[in-house]
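> Sequence:
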Amino acid sequence: MATIVTHAANRVLNLAVIGVGLVGAELLHQLSQPQLASKFRLVFVSNSKHSVSSLAPNVHKLDLTNWKQALSESTALPALEHLPRILGEFVTNDEKNPFVVVDNTSSEAVALLYPKFLRAGVSVVTPNKKAFSGDLWLYDDILASSALTGAKFLNEATVGAGLPIIATLKDLVATGDKARINSLLEVKKIEGVLSGTLSYIFNEYSTSKGGSESFSTVVRVAKEKGFTEPHPGDDLNGADVARKLTILSRMIPSLRNNLHKGYESVSTTSLVPDILASPEVTGTDFLQHLPDFDSHFAKMKDDALKDGKVLRYAGVVDVEKGEIRASLEQYPIDHPFATSLGGSDNIIAFHTERYSPRPLIVQGAGAGAAVTAMGVLSDLLKLC
Numbered sequence: 052m053a054t055i056v057t058h059a060a061n062r063v064l065n066l067a068v069i070g071v072g073l074v075g076a077e078l079l080h081q082l083s084q085p086q087l088a089s090k091f092r093l094v095f096v097s098n099s100k101h102s103v104s105s106l107a108p109n110v111h112k113l114d115l116t117n118w119k120q121a122l123s124e125s126t127a128l129p130a131l132e133h134l135p136r137i138l139g140e141f142v143t144n145d146e147k148n149p150f151v152v153v154d155n156t157s158s159e160a161v162a163l164l165y166p167k168f169l170r171a172g173v174s175v176v177t178p179n180k181k182a183f184s185g186d187l188w189l190y191d192d193i194l195a196s197s198a199l200t201g202a203k204f205l206n207e208a209t210v211g212a213g214l215p216i217i218a219t220l221k222d223l224v225a226t227g228d229k230a231r232i233n234s235l236l237e238v239k240k241i242e243g244v245l246s247g248t249l250s251y252i253f254n255e256y257s258t259s260k261g262g263s264e265s266f267s268t269v270v271r272v273a274k275e276k277g278f279t280e281p282h283p284g285d286d287l288n289g290a291d292v293a294r295k296l297t298i299l300s301r302m303i304p305s306l307r308n309n310l311h312k313g314y315e316s317v318s319t320t321s322l323v324p325d326i327l328a329s330p331e332v333t334g335t336d337f338l339q340h341l342p343d344f345d346s347h348f349a350k351m352k353d354d355a356l357k358d359g360k361v362l363r364y365a366g367v368v369d370v371e372k373g374e375i376r377a378s379l380e381q382y383p384i385d386h387p388f389a390t391s392l393g394g395s396d397n398i399i400a401f402h403t404e405r406y407s408p409r410p411l412i413v414q415g416a417g418a419g420a421a422v423t424a425m426g427v428l429s430d431l432l433k434l435c
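Yeah, the sequence shown ends on 435 if you go by this note's numbering, and it's all consecutive.
Honestly, the hints are just simulated from the structure, not real lab data.
Be a bit skeptical, because a hint or two may be false.
Here are the in silico distance ranges between beta carbons for each label pair [what the hints assert, rightly or not]:
{"hint": "1", "residue 1": "406", "residue 2": "158", "range": "35 to 43 Å"}
{"hint": "2", "residue 1": "86", "residue 2": "215", "range": "14 to 22 Å"}
{"hint": "3", "residue 1": "112", "residue 2": "86", "range": "18 to 26 Å"}
{"hint": "4", "residue 1": "277", "residue 2": "386", "range": "38 to 46 Å"}
{"hint": "5", "residue 1": "123", "residue 2": "143", "range": "17 to 25 Å"}
{"hint": "6", "residue 1": "158", "residue 2": "329", "range": "20 to 28 Å"}
{"hint": "7", "residue 1": "275", "residue 2": "347", "range": "17 to 25 Å"}
{"hint": "8", "residue 1": "321", "residue 2": "199", "range": "51 to 59 Å"}
{"hint": "9", "residue 1": "123", "residue 2": "357", "range": "55 to 63 Å"}
{"hint": "10", "residue 1": "112", "residue 2": "345", "range": "56 to 64 Å"}
{"hint": "11", "residue 1": "334", "residue 2": "305", "range": "36 to 44 Å"}
{"hint": "12", "residue 1": "132", "residue 2": "432", "range": "27 to 35 Å"}
{"hint": "13", "residue 1": "406", "residue 2": "330", "range": "39 to 47 Å"}
Don't be surprised by glycine CBs; every beta carbon is placed ideally from N, CA and C.
Kindly generate the complete structure, drawing on both the sequences and the hints.
Shown next, in the form of structure tokens:
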């Protein structure tokens, strides 16, 4: 069993970075800032095809300035299944300077390796939602493995990119009023617009003045601006919001074991018409036939406006009722979810005993490489 030292003066974090796409490359750029670079030592980098490591004998220098060239010249395969063992061997030889794996992918295969990294004494920092929103057994294994060695797992960027959502919830739970007999946790309810894509779509489509564009037009424009997945149905089905709700709910002790199948156990309202939900429907086909359902969405928008409300796709964790749902909700036109959002912003409200009747609200950009990388970097700095 490997162990790690939690804090030490002048320590340097040894980083193994998996995935150097938009977020990964931006993270390495942010790490190379002069005021930060001395805190980190890059020991491994991989993309989907190759890897390069400074840990193996007779390899060229690897650092935050030359990793692109080093990776482009490498012929070594990623071989990630062996990485926990390799890093673990170095952990025992360098207890002062801990090892951290940074997973910038959305890979489930990489997520399944987290318990192995943690049991090897290697901390995990990631924006990858898969491990924390999947089956409960994997989440339990991550917690147990972390407790076994003291290695940490930090995942601020899995919800809201760089917004301090997970950190805020951790603090609210940790400082909850537990002295009252039979009292609930201090957190009563969490609700938020947690998808940048769906935020943009409904900010444009359903306004206090009604909105003039059809639903299909707004979705098409969102795709043209790069706000949606290549297949917009992957955003409209609500699965991304359900994953984020799973991550948040598992941080609340009374709800931790509620979602055995992870996000699949969340009550989720899909906005994808049944006829367009088939795997055979391509993204192009989806956009071509979505106008057939404009009248359906228009009626929901008009019905909400008659009641002085707008539509927002929201995630709700109701701690008191034990309910977790992702659905299209109606909010009054003077509600923060109706008035405060712009573009693809995320917003989340924490209703607690202390923050009542006015909730604690966190709002800002909830997507994009720069802010997501910042969220990962903030977690890394917690380990320094």
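> Are the hints correct? Go through all of them and say.
Going down the list of hints, with the structure as the test:
1. 406 with 158: 35 to 43 Å: 37 Å, holds
2. 86 with 215: 14 to 22 Å: Given range 14 to 22 Å: holds, Cβ gap about 21 Å.
3. 112 with 86: 18 to 26 Å: 22 Å, holds
4. 277 with 386: 38 to 46 Å: Between residue 277 and residue 386, where Cβ atoms are some 28 Å apart, the hint is violated.
5. 123 with 143: 17 to 25 Å: With a Cβ separation near 32 Å, residue 123 and residue 143 fall outside 17 to 25 Å, so the hint is violated.
6. 158 with 329: 20 to 28 Å: 25 Å, holds
7. 275 with 347: 17 to 25 Å: Given about 23 Å between the Cβ atoms, the range holds.
8. 321 with 199: 51 to 59 Å: Since the Cβ atoms of residue 321 and residue 199 sit about 39 Å apart, the hinted range of 51 to 59 Å is violated.
9. 123 with 357: 55 to 63 Å: Between residue 123 and residue 357, where Cβ atoms are some 59 Å apart, the hint holds.
10. 112 with 345: 56 to 64 Å: Once the Cβ atoms are compared, 58 Å apart, the range 56 to 64 Å for residue 345 and residue 112 holds.
11. 334 with 305: 36 to 44 Å: Since residue 334 and residue 305 have Cβ atoms about 40 Å apart, the given range 36 to 44 Å holds.
12. 132 with 432: 27 to 35 Å: Cβ of residue 132 to Cβ of residue 432: about 29 Å, so the range 27 to 35 Å holds.
13. 406 with 330: 39 to 47 Å: 43 Å, holds
This entry does not satisfy hints 4, 5, 8, going by the numbered hints stated previously.
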